[in-house]
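Chemist: Respectively, the protein sequence lines represent chains A and B. Just so we're aligned, residue 1 is where the first sequence starts under our numbering, counting upward by one. Just so we're aligned, residue 1001 is where the second sequence starts under our numbering, counting upward by one.
Honestly, I wouldn't trust all of these hints.
[What the hints assert, rightly or not] Straight-line alpha carbon distances no greater than 20 Å define the calculated EDC-like cross-link-like pairs of lysine to aspartate or glutamate that follow:
| id | chain 1 | residue 1 | chain 2 | residue 2 |
| --- | --- | --- | --- | --- |
| 1 | A | 56 | B | 1125 |
| 2 | A | 56 | A | 3 |
| 3 | A | 56 | B | 1295 |
| 4 | A | 56 | A | 83 |
| 5 | A | 56 | A | 38 |
| 6 | A | 56 | A | 17 |
None of these hints come from the bench; they were simulated from the model.
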Amino acid sequence: MSEAAATTARIKRLIVDSLNLEGVRPEMIEDEAPLFGEGLGLDSVDALELVVALEKEFGIRIKSQEIGREVFSSVSTLSQFIEGRT
Amino acid sequence: MQPDQPDRRVAVTGVGAVCGLGWGIPPLWAGLRAGQPGIGPFQRFDHSQHRTHLAAEVEAPPATLARACPGWRRLSIADRFALFAALEAAETAGLAMPFDEDAEIGVYFGSSTGGMYESELFFAEFLRDPRRARLSALIPQQVNAPGDAVARHLGVTGPVVTYSSACASGALALGAALDAVRSGEVEVAIAGGSDSLCQLTYAGFNSLRSVDEVPCRPFRAGRAGMSFGEGAAVLVLEPLARALARGAEPLAVFAGAGASCDAHHMTAPDPSGAGAAAALEAALADAGLAAGTIDFINVHGTGTPLNDAAEWQALQRVFGERAGGMPLVATKALIGHLLGCSGAIEAVATVLCLRHGELHPVRRDGEADPELPVALVLDEPLPLAGARAAVSTSLAFGGSNAALVFSRWTGPAA
């Protein structure tokens, strides 16, 4: 597994574990599917919890202005962001 | 009523409820009529270390409810109860939802513990492993969360308030709603209460030794305390004239409300019953009804030795020689004590009794208490089609007392 694929898998596992999503397994989350609204249907509280979880998991800091639609739009964009930080 | 005076009467046009007897008014009324307690073993949390092991626990919600309510997973159990009861009440009232933004509608709610159960889950998780504890479990912890959830989902943009005065909360909220409708502050009030089982209250009442080891036995000899219940109840209130104008069928008239405080003790009632009697008299005065027009009482009737004795004193103060023959309906014997919601769900029970023209019974547990010679409705429903009016009492910790008067709807000519 490439480093990027490993990061993607870790993010999916983290989303399921830290957000306690009922009936969702990591492999059910598509790389490009929207996380908020349609798609996975996360809300703003999930965003806050996900930031905390990502910071702990990857040892990175996410500034509030980065918690925007662009970085958090899908697992794929999150993965690219984290790859660029670590 | 004088023809030259405006009609200030307030109608109950919708009711909704969830409790240990089931989700909805039909299972509530069927269970109440059957007189069999919905109190038994329960699973919500580990109670093995407590003195008692019973509650009237609500079964899992219908799956359709979650799908109909956006943001469902952010709601506490108490929020979910509230939402279900409010939707049922609004539907039976024939109100179109969501409401228009300019509709003058308010939410008046009572709760003792709001999302306490979910906060307890968070705290337990935090003690086990702080990294795994999810802060979002605390979102619905506020005591006003159930009423707020109702307002958010129904689109209520008028006043939204929550009363939290222990077990009088639901009745006090209804009293406030009545005032708001009468004064014209709101056109329609969504009024009620919601509380879920939680460890705080379960442990608290157990430590006070005010919980019975068997389903509670209000007004009976050997009674040894209350039983826990949970759930929500909502009534839709509006001016009677408005209800009739829009073709809604009033279920009852909400005639009056009164409140008082014992100023006596943190938990025990004033044994003289003076405070409870003051609330009853205030409610009758507010309704403009003489005590002689009250044909039955939905008692607070927790089943604690002290409450029932003090309540009997209060009934004698207000109803004199009639007190002993007055049919008493003891709803808590069947659904347990819903704490901040008890006044609301017992108001619903009272409305249903008036509407159906019969009083629901309770099981004949043990002997009558010779100290309390009351006419408790036992075993079978008591037909009382001619009942003119009824009172529901709520007598809470802190000595907070509330009484609500409902009268039977007999048609526009009355």
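Chemist: Next, verify each hint and record whether it holds.
Modeler: Cross-check of the supplied hints:
no.	hint	result
1	56(A) - 1125(B)	holds, 18 Å
2	56(A) - 3(A)	holds, 19 Å
3	56(A) - 1295(B)	violated, 66 Å
4	56(A) - 83(A)	holds, 15 Å
5	56(A) - 38(A)	violated, 27 Å
6	56(A) - 17(A)	holds, 13 Å
Violation of the numbered hints given earlier is confined to hints 3, 5; the remaining hints are satisfied by the structure.
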